[in-house]
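*Asks:* Listed here are the chains, written in short residue letters.
There are 2 protein chains.
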Amino acid sequence: MHGVDASWRLVESELNLERLGQSESLFALSNGHIGLRGNLDEGEPHAQPGTYLNSLYEQRPLPYAEAGYGYPESGQTVINVTNGKLIRLLVDDEPFDVRYGQLHRHRRELDFRDGVLRREVEWTSPAGQQVSIRTTRLVSFVQRSIVAIQYEVTAVDAPARIVLQSELIANEQLPHPGDDPRVAAALGAPLESEEVQPNHTGVVMVHRTRRSGLRMAAVMDHLWDGSDDVLVSTDGHPDTGRVTLSTTLNPGQRLRLVKLIGYGWSSQRSRPAVRSQVEAAVTAARHSGFDRLAAEQRRYLDDFWTRADVSLVGDDRIQQAIRFAMFHVLQAGARGERRAIPAKGLTGDGYDGHTFWDTETFLLPVLTYTAPKAAADALRWRHSTLDLARERAVQLGHAGATFPWRTIRGQECSAYWPAGTAAYHINADVADAVLRYVNATGDTDFHREVGCEMLIETARLWMSLGHADAAGKFRIDGVTGPDEYSALADNNVYTNLMAQRNLRGAAEVAAEQGEVASSLGVTADEIAEWRAASASMYVPYDERLGVHPQATGFTDHERWDFANTPPQRYPLLLHYPYGDIYRRQVVKQADLVLAMHLRGDAFTREQKIRNFAYYEALTVRDSSLSACTQAIVAAEIGHLRLARDYLQECAYCDLDDLHHNTNVGVHLANLAGLWLVLVAGFGGMRDHDGNLSFAPRLPSPWSKLRFGMGWRGRQLRVDVGQTDVTYKLTQGEQMTVRHHGQKVIVKPGKGITREIPPLVAPAPVHQPPGRPPLRAASEPFLS
Amino acid sequence: MHGVDASWRLVESELNLERLGQSESLFALSNGHIGLRGNLDEGEPHAQPGTYLNSLYEQRPLPYAEAGYGYPESGQTVINVTNGKLIRLLVDDEPFDVRYGQLHRHRRELDFRDGVLRREVEWTSPAGQQVSIRTTRLVSFVQRSIVAIQYEVTAVDAPARIVLQSELIANEQLPHPGDDPRVAAALGAPLESEEVQPNHTGVVMVHRTRRSGLRMAAVMDHLWDGSDDVLVSTDGHPDTGRVTLSTTLNPGQRLRLVKLIGYGWSSQRSRPAVRSQVEAAVTAARHSGFDRLAAEQRRYLDDFWTRADVSLVGDDRIQQAIRFAMFHVLQAGARGERRAIPAKGLTGDGYDGHTFWDTETFLLPVLTYTAPKAAADALRWRHSTLDLARERAVQLGHAGATFPWRTIRGQECSAYWPAGTAAYHINADVADAVLRYVNATGDTDFHREVGCEMLIETARLWMSLGHADAAGKFRIDGVTGPDEYSALADNNVYTNLMAQRNLRGAAEVAAEQGEVASSLGVTADEIAEWRAASASMYVPYDERLGVHPQATGFTDHERWDFANTPPQRYPLLLHYPYGDIYRRQVVKQADLVLAMHLRGDAFTREQKIRNFAYYEALTVRDSSLSACTQAIVAAEIGHLRLARDYLQECAYCDLDDLHHNTNVGVHLANLAGLWLVLVAGFGGMRDHDGNLSFAPRLPSPWSKLRFGMGWRGRQLRVDVGQTDVTYKLTQGEQMTVRHHGQKVIVKPGKGITREIPPLVAPAPVHQPPGRPPLRAASEPFLS
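As you go down the protein sequences, you meet chains A and B in turn.
Take the first sequence: its position 347, counting from 1, is numbered 347 in the working numbering, and each next residue is one higher.
Take the second sequence: its position 520, counting from 1, is numbered 520 in the working numbering, and each next residue is one higher.
Among the hints, erroneous ones may be present.
[What the hints assert, rightly or not] Listed below are the simulated SDA-like cross-link pairs for lysine to any residue, each with C-alpha atoms no more than 25 Å apart in a straight line: (1) B:K750 to B:M735; (2) B:K728 to B:P372; (3) B:K608 to B:S534; (4) A:K608 to A:P757; (5) A:K750 to A:T730; (6) B:K473 to A:Y541; (7) A:K473 to B:E558; (8) A:K473 to B:Y541; (9) B:K728 to B:Q715; (10) B:K473 to B:R531; (11) B:K473 to A:E543; (12) B:K608 to B:E755; (13) A:K750 to A:E733; (14) A:K704 to A:R717; (15) B:K747 to B:T723; (16) B:K473 to B:R599; (17) B:K728 to B:A695; (18) A:K473 to B:R559; (19) A:K750 to A:D309; (20) B:K473 to A:D561; (21) A:K608 to B:A470.
[Said to hold, decoys possible] Restraint-style ranges between C-beta atoms, simulated for each label pair: (22) A:H575 to B:G514: 36 to 44 Å; (23) B:P63 to A:R569: 21 to 29 Å; (24) B:P63 to A:R299: 47 to 55 Å; (25) A:S536 to B:Q568: 31 to 39 Å; (26) A:S74 to B:D689: 50 to 58 Å; (27) A:S74 to B:N691: 56 to 64 Å; (28) A:S266 to B:A399: 54 to 62 Å; (29) B:Q731 to A:A563: 56 to 64 Å; (30) B:A468 to A:A6: 50 to 58 Å.
No wet-lab data here; the hints were simulated from the structure.
Note that beta-carbon positions come from the ideal geometry of N, C-alpha and C, so glycine has one too.
Bound conformation, chain A alone (with noise of 0.2 Å):
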């Protein structure tokens, strides 16, 4: 295995049964494209059986008890596909399972800079016979369709009857979810089987999904050595696809099996066009062979890492998860090729496989400025859904577009719309995420291709729901912020300083780009009235108090009774009504603080610092798009020791299994914002409007904190220490930067240091009693 420094894998080496959702979460495998549970190669035991293809969705109807006008008929929810990770072992008739006989020894390791998931087992089956096994499996970066599992087992002190049913199965069983209206709900057999061939070393199956009609195509071919006496057959029936190699080995005989699997689907493609494309797939991984493809893989993540690595001294752990963190975010990202990223990735099929606005405001930045193919990818998915979302907003009587709340494939999929269709900030979401990707890459084709007709679009969309109040200010009423524990108010901050942000860049951009703003019927008139919505924005303040409130008349609710609130009663929507949550103050998830990160240069210090503190009384951090952000406003006022607590419940989110539910699948905005907390926390990077800043500050214990950006073509270094910071460009040219307000340029060749100037630590700030951050496990299910 390789190299000795810890922080580059995530190893298990006890099997824990009872966590074994959450680690075949932790060890899923994706490209974004395709996305593997870390399930057992046998199949079971297993929590939840996963095999995902991006945007592979089926339809179900959305019920209401109480229906209403706009409500969405059909929803959608990723499912399960043929699972081609299967490779059943029998030693001398008896099947490996971990739960019977002995297990001497367990490890599975997820290798970040190798791209792999690896597992040793010994084992001794209960009527004796001793095998040890090692798996090796990739869903590989480079060649797109394709799986491969180097499968490996050796007779340890006798001769062993050794089968392999190395499997393809539709329609797998699956668990019953819980009551929990966030896990996904369950679909039963989705898919029809269309075409099944046995081939001589493999099987080749399509299906189409019941109602959503999408056609798939799961290939499998097989390679081995070890043994020249191995009997094989092939079969293969609607959902089972099955390649058997029996043979006997003697002691310290190796069998080594390589499974490649092809995925493909398509909505329009025909049987053998699907058939034919993934076939090819598996033949040019079969020339490649497993150690070529393994290879291209190490190739691929090395120059991610290049870019990407954020490195710390003076916490392993930190160190170990950011490295984890950054890895996830790349396999849910790298090659999605303009399909939705969801909240889960490919890891889990929790919120139905559904993206939300997290995806543009907590993963895109991250990607943006490490891997922006994957970014402007997202963002290009974004836009072909764009005739969806303006044919929802003619249904919902709005100008403009309106995106959804939560889709797979485009289709508004919220069926509770205060919490859903209210939630329009989504709209100014993705024209930050349009904002910052072209500022930060320069990439004017893509502006002109689609960046610019999504900027236009949701500005019509803010002044179709927005209008002038009798002082000339610009309200926008009746909307939820990010903050799920309130919904429906007036003049969201939030959404108002973002909806202005998206204004001026719609104003700014169909002045720049006249010929695509005139193709869509913008004219000068227009663009006035996008320039004095947002100049006239309303951003309600209480004077009182001298904080901003969350919306207007936020802080004249009541205040959540958090001391008669038990721990065993949060998350509060699990145990509340939403009326008697959304009546009180009390906030789950950073909302006006979010507000004073992504437009902090709408805010002034000593705001901040109020604001901070008011809201942080307030918070409980139901969800797990808050932690990171209080770390990041923490951080820039000046806690930071609080900064660091919240980037440690950031970091353990899913290593730890801190809401319980990390097996449904990561926490991928959660597993970004940590990126987020170490380079705009204590890196202090801010983009406002394109301008690059930085306001580096290190906690305590730590001597040094490393990172990279890309920056329009540069790629820029920032080295951080207790008491100064290097900026340095390993490529391109010349840029300017702000450090702690000071501007900097930075030339190409020797890095630039400056000193980082005394805090002024403002006075503490409490959180709601209980609600402090989330520790870290005392002992680590993983290391």
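Given the coordinates of chain A, assemble chain B onto it according to the supplied hints.
*Replies:* Just chain B now, with coordinates in the frame of chain A:
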């Protein structure tokens, strides 16, 4: 037939199959326990067959695509029970069906004084055989379990072979409802047969609802005369019971059949007990015979009309409409006897047969003054659900009791909480009805037994819902007021003012009824808190506009774009998303204006004038619960012409099917509202805090308005002319009322006459474009 005054009956002189649904609702008969839609005796054609027993419901799951804490899991739906009103006629083997052969004459008449539905038909069969049919149907007010039908068939020209099949049919096949969410969910075959027993001249059937487990018995028996040669046979199957009479009639010979049907149900009693109870009722009815049943019915109604009739000189059709309305109000409430009074009464299955706040706010004020025992029964039903309301409060995290927004048995059945659970005002509406009933009747037993407890438990709810703000004002945030085009607003004026009355009433009653209060754990401190909250209740006011916002912030919202809303897009809720409606200034139904009626003591005349003008321009009346209130406040302010227009809209709502949904049942609260418009509107009756006052004033073409009201053992008659008013006690001791603000002592015997002061008419007001008061049909369907 009785009398010559057309205002005492509703007549259909032609059969219009397209309006069958409407006429089935208008001609429905009920005594509050049993309800029969005005289906033709022979069953078909029909729009919606309907036979209902008050509170006999079936459960159905309430589905949620996204579940939430506290959402009710199960709903209750009124069911079409065993249909006993079916009498099929065969003439020379051809079934009598108005769609075949030739219908020479058709007339139906609902007689408000006799309390019967009469029908006269002359029909020639396709084979040329002519018969004359007369039927009279009644649901007895006196013998509560009994329906009686007299069916007379006469051969006209030639001898006719006549067969009558008199049936009991359970689980009738029902037509499908439309997509309109307001139409009740269909439930197929809800009844399971427990027993069928054909007897000599009748059939006994016992069924049980599948899920709610309610047992019902339907028993029919028959008497006949007119022919000596009648062959009778009886048979019974699980869902079908039939008595067949067969004879031959000579020209001019008449066969008269009296069908007696008894109904009863129980959630607890055994099969023999329920069956025997109903058999006993039928035996007693048989003993009475049809004529005595009819005579009792007339006596019951004579007594009612003596107290409740409103007479009017100057508009004959309104005169008829108010009698029609009061007849249905009585039918809904008369013999409910501690069951809920549904929004549609027992005239159709609209709104799933649920009861809402309408009953307490619109129906009970009328019953309180005209049929107080029915009002007491309805409130005693509410009280019987108090334990369920306490459980619901616990579930929702509130103190005291939370009554359901919609229910049959008492459990919350609303599946859309922003317009259900959040409409907490229903609790104050119940309290208001209690206070009104007690003030109007002086019924101290009622108060001690049930009223007191309801006031106290609802007061406790308000204390836990609201809170004192920094300025010491008592705020109630995040609630939905009566207007369903706004939701989840802070300090809805109606809600706050009604809660204020509730808290004040609870404080008073707790002090008076010390024993009851202390048994509920009420302390002096608690009473003091109620008084303090009531005294400091926050009522928002918009200084800039000089009007009360319906709720905090309402007047800052954008106005609905009425000019660009075409007529076919009303009602708005079926054509625009809630989110778009909620965020704008548009009012479905009187809300602030209702507050000005029910809490008129909390507004100055100037405020009423300004507020009325403001809300008049925003109110689209997509609800039938609006015109009456607008009429009342318009009349108070002096917009007499407008008040009369709204009176007409109210009067013809069902008669002219102005809302296009009378087919699913009459709009009972609107019908009660007609009495309110005449008595509280043109009579100017107010009863704030038990002080009875009048400010009568007639619109121009009327010369006389007379109404009666019960008041603490008295019966007051008010005769309003164009220039003066006479107050007269027809029963009971001296009392004091106010006449246009002046104290008047009314003594037994001769009435006291007072002049009507001159009207100071305010500036004209305007409705939204395209939303003037609805007009009566120029050619009414019925006369």
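*Asks:* Hints first: check each against the structure and report whether it holds.
*Replies:* Against the structure, the hints:
1. B:K750 to B:M735: Since the Cα atoms of B:K750 and B:M735 sit roughly 13 Å apart, the hinted pair holds (cutoff 25 Å).
2. B:K728 to B:P372: Cα-Cα ~20 Å, so holds.
3. B:K608 to B:S534: Cα-Cα ~22 Å, so holds.
4. A:K608 to A:P757: This hinted pair holds, its Cα atoms lying about 19 Å apart.
5. A:K750 to A:T730: holds, 9 Å
6. B:K473 to A:Y541: holds, 20 Å
7. A:K473 to B:E558: Answer holds: A:K473 to B:E558 is near 12 Å, not above 25 Å.
8. A:K473 to B:Y541: holds, 20 Å
9. B:K728 to B:Q715: holds, 8 Å
10. B:K473 to B:R531: Given pair B:K473, B:R531 holds - Cα atoms ~13 Å apart, limit 25 Å.
11. B:K473 to A:E543: holds, 18 Å
12. B:K608 to B:E755: holds, 24 Å
13. A:K750 to A:E733: It holds: about 13 Å lies between the C-alpha atoms, which stays within 25 Å.
14. A:K704 to A:R717: holds, 13 Å
15. B:K747 to B:T723: holds, 22 Å
16. B:K473 to B:R599: holds, 19 Å
17. B:K728 to B:A695: Measuring from Cα to Cα gives roughly 15 Å; hence the hint holds.
18. A:K473 to B:R559: With a Cα-Cα distance of about 15 Å, the restraint between A:K473 and B:R559 holds, given a limit of 25 Å.
19. A:K750 to A:D309: holds, 20 Å
20. B:K473 to A:D561: Roughly 19 Å between the alpha carbons, so the hint for B:K473 and A:D561 holds.
21. A:K608 to B:A470: Cα-Cα ~23 Å, so holds.
22. A:H575 to B:G514: 36 to 44 Å: Hint holds: Cβ distance 37 Å, inside 36 to 44 Å.
23. B:P63 to A:R569: 21 to 29 Å: holds, 26 Å
24. B:P63 to A:R299: 47 to 55 Å: holds, 51 Å
25. A:S536 to B:Q568: 31 to 39 Å: Hint holds: Cβ distance 36 Å, inside 31 to 39 Å.
26. A:S74 to B:D689: 50 to 58 Å: holds, 54 Å
27. A:S74 to B:N691: 56 to 64 Å: holds, 58 Å
28. A:S266 to B:A399: 54 to 62 Å: Holds - the Cβ-Cβ distance for A:S266 and B:A399, about 59 Å, lies within 54 to 62 Å.
29. B:Q731 to A:A563: 56 to 64 Å: Holds: the Cβ-Cβ distance is about 59 Å, inside 56 to 64 Å.
30. B:A468 to A:A6: 50 to 58 Å: This hint holds: roughly 57 Å between Cβ atoms.
Violation of the numbered hints given earlier is absent; every hint is satisfied by the structure.
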